[in-house]
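Let chain P serve as the given structure and place chain F on it in line with the hints.
Given next are the chains, with one letter for each unit.
There are 2 protein chains.
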Amino acid sequence: MHRDLEIERRLRNTRTIEWKNGAAVTIDQTKLPHRLVYIRMTNSHQVASAIKTMKIRGAPLIGAAAAFGLALTATRSKAKSKKELIVQLNESAQLLKDTRPTGVNLFWAVDRLIKKVNETPNADVNEIKNLVVQEALRIADEDVQMNRKIGEHGSKLISDGDTILTHCNAGALATVGYGTALGVVRAAWEQGKKISVIATETRPKLQGARLTAYELKSMGVPFKLITDNMVGYVMSKGMISMVIVGADRIVRDAVVNKIGTYSIAVLAHEHSVPFYAAAPSSTFDLIHTARDVAIEERNPEEVTKIGSKRSAPQGTIALNPAFDITPMKYVTAIICDKGVLNPKELQQLL
Amino acid sequence: MHRDLEIERRLRNTRTIEWKNGAAVTIDQTKLPHRLVYIRMTNSHQVASAIKTMKIRGAPLIGAAAAFGLALTATRSKAKSKKELIVQLNESAQLLKDTRPTGVNLFWAVDRLIKKVNETPNADVNEIKNLVVQEALRIADEDVQMNRKIGEHGSKLISDGDTILTHCNAGALATVGYGTALGVVRAAWEQGKKISVIATETRPKLQGARLTAYELKSMGVPFKLITDNMVGYVMSKGMISMVIVGADRIVRDAVVNKIGTYSIAVLAHEHSVPFYAAAPSSTFDLIHTARDVAIEERNPEEVTKIGSKRSAPQGTIALNPAFDITPMKYVTAIICDKGVLNPKELQQLL
Chain P
1 MHRDLEIERR LRNTRTIEWK NGAAVTIDQT KLPHRLVYIR MTNSHQVASA IKTMKIRGAP
61 LIGAAAAFGL ALTATRSKAK SKKELIVQLN ESAQLLKDTR PTGVNLFWAV DRLIKKVNET
121 PNADVNEIKN LVVQEALRIA DEDVQMNRKI GEHGSKLISD GDTILTHCNA GALATVGYGT
181 ALGVVRAAWE QGKKISVIAT ETRPKLQGAR LTAYELKSMG VPFKLITDNM VGYVMSKGMI
241 SMVIVGADRI VRDAVVNKIG TYSIAVLAHE HSVPFYAAAP SSTFDLIHTA RDVAIEERNP
301 EEVTKIGSKR SAPQGTIALN PAFDITPMKY VTAIICDKGV LNPKELQQLL
Chain F
1 MHRDLEIERR LRNTRTIEWK NGAAVTIDQT KLPHRLVYIR MTNSHQVASA IKTMKIRGAP
61 LIGAAAAFGL ALTATRSKAK SKKELIVQLN ESAQLLKDTR PTGVNLFWAV DRLIKKVNET
121 PNADVNEIKN LVVQEALRIA DEDVQMNRKI GEHGSKLISD GDTILTHCNA GALATVGYGT
181 ALGVVRAAWE QGKKISVIAT ETRPKLQGAR LTAYELKSMG VPFKLITDNM VGYVMSKGMI
241 SMVIVGADRI VRDAVVNKIG TYSIAVLAHE HSVPFYAAAP SSTFDLIHTA RDVAIEERNP
301 EEVTKIGSKR SAPQGTIALN PAFDITPMKY VTAIICDKGV LNPKELQQLL
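As they're listed, the protein sequences go chains P and F. Numbered as in the numbering used here, the first sequence ends at 350 without a single skipped number. Numbered as in the numbering used here, the second sequence ends at 350 without a single skipped number.
Pulled out of the complex, with its shape left as it was, chain P reads as follows (with noise of 0.2 angstroms):
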């Protein structure tokens, strides 16, 4: 029990991504909940590497992860000219954009950074080191901002007595810090609200059980944790208020997230339970509609293994799409950082 305790000690006081001395500091998620390890990365090929293997999740982490690791290639570069540097910066840009297709935020944050420095045309060499540092330092701190923000208008929504339910993991984790729908449940718990919180494993890669949970812990409130397929138990024995989860990717017509998010917002329209997706404006892809997104296959082992054991015969053929689209019809409102909004009020900010 001491080891967990010291793990949620300091979950609860760090960011999930820092940087320190020029280098990127962040957890090894896949090592969570039974140990706390930090990785320290110098290049964006390491940052690239561990979104790929998923030590770093979450769409609003990665984006900052992606936007720290075009800093490193800025502070690390060698370059003489600015030409150079500028043609590292896209370099490193596509082999970060090339790791998961299906969270936009990589995509977002990646941009901006080579659209500032784009916008930039004077600066030389040492400036455009600076101000791509200081814009992924930008995108670090208002991905936290934001996250309040989410925090502070979901709240209102959650009254005492409620039950929420979540799906994989959209908590401090999942973010720089504070996190998206584990945001929203954490400001209505710092506001004294008497509720309690039903998480899902989340299978293949359990970040229910391991990440989801261990918030939850650390941050005190009463839990319940399930399988993926009690979801329509629960809610037939009237358990839930409402289901908030994350959002890898909100568009027109959709919101794209883990895998199993449509099946529970389906179940949450059968139970006309209000289902809700936080997550901040740096998720909005909203020229796009659900048929422009990629949905990522990963391997199928996830599924066909247990952690490093195989529960199937060998030679089985899995399938791992590893996010789904839940359609609007679905979706009762989007918690966002600019406030609560319907489906429609969300289509006007385009």
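Read the hints as simulated data drawn from the structure, not as lab findings. Don't take each hint at face value.
[As the list claims (entries may be wrong)] Within a straight-line C-alpha distance of at most 25 angstroms, the following computed BS3-like cross-link-like pairs (lysine-lysine) qualify:
id	chain 1	residue 1	chain 2	residue 2
1	P	K329	F	K329
2	P	K31	F	K309
3	F	K217	P	K305
4	P	K305	F	K82
5	F	K116	F	K82
[Claimed, not checked] Listed next, the stretches of chain F that the computed footprint assigns to chain P, with coverage defined by at least 3 CB atoms under 8 angstroms from CB atoms of chain P:
id	segment
6	115-129
7	332-338
Just so we're clear, the structure is a prediction, and the values are computed from it rather than from any experiment. For every residue, glycine included, the Cβ atom is placed at its ideal position computed from N, Cα and C.
Frame of chain P; chain F shown alone:
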């Protein structure tokens, strides 16, 4: 691979439970798909324990196993008087009934044997012993016959090109032989229909990944494994022609089956995918309704651990209902030995 093939060959050619030299011999299903371990049971306590620990599982198989448990009590009894034997049989009956509360075949099989004894008031000790064994063997034989009938009726619903989604394991392993939901798949496959299956892994005990995948592989039916939270996704992609699941109890207004069935039924309804439950008459309990059914709550560690490894942090509380209830509103029809009956036709059986 050699061991895998050997397991497959044996599973195909034997019954899941058999009466051999005065003992009941069955497969320890917790060891599949990695090891084929037979257990030889010589008294009703061993049978009750194997049911509780899910070495024996699947409502029809549990029914037959309980019958064999009573047969063991009868054959091993040293009772001098008929009265004494009947006391022993009733004690075993209670022991067996106390193992699992939800599936009805268990109660049906035990009550059928006890009734048989009570209906033969002139039998002596040896005659009673004999009739209990004969009736237990009849229950086992009838189960296979009913399942073949289910396959015959159900396979008419299946056409070339269909993909059937199934949940948990309702195959030969869940029965004495042939299977219910997978019996329908098997019958269609044996008729040469070009079909495929999508199987849910079925947390927490992974009967889909471990057992259904094994049986499908053994039959040669093409299949893909998914996690439970991918059901909405595959339906939204139009990949599913129909759902066929088994049942642990069919009451007047609902199908009681493995946790997750209800979620699948709601999703099928939303996507206009037909939803069938396949079960022998021994699963029917039409004088009762959903509110009469006790849903078994199993050890929460089945959810907080995966195999022997803890996934959630220490102290995590989990729900673990083993079954859920699907109202007939979501059920297209019941495939049983009497035919394919829609919910209205089913009620006329009363």
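| task | Any hints from earlier that this structure breaks? Give me their numbers in increasing order, please. | result | When the structure is compared with the hints, numbers 4, 6, 7 turn out to be violated.
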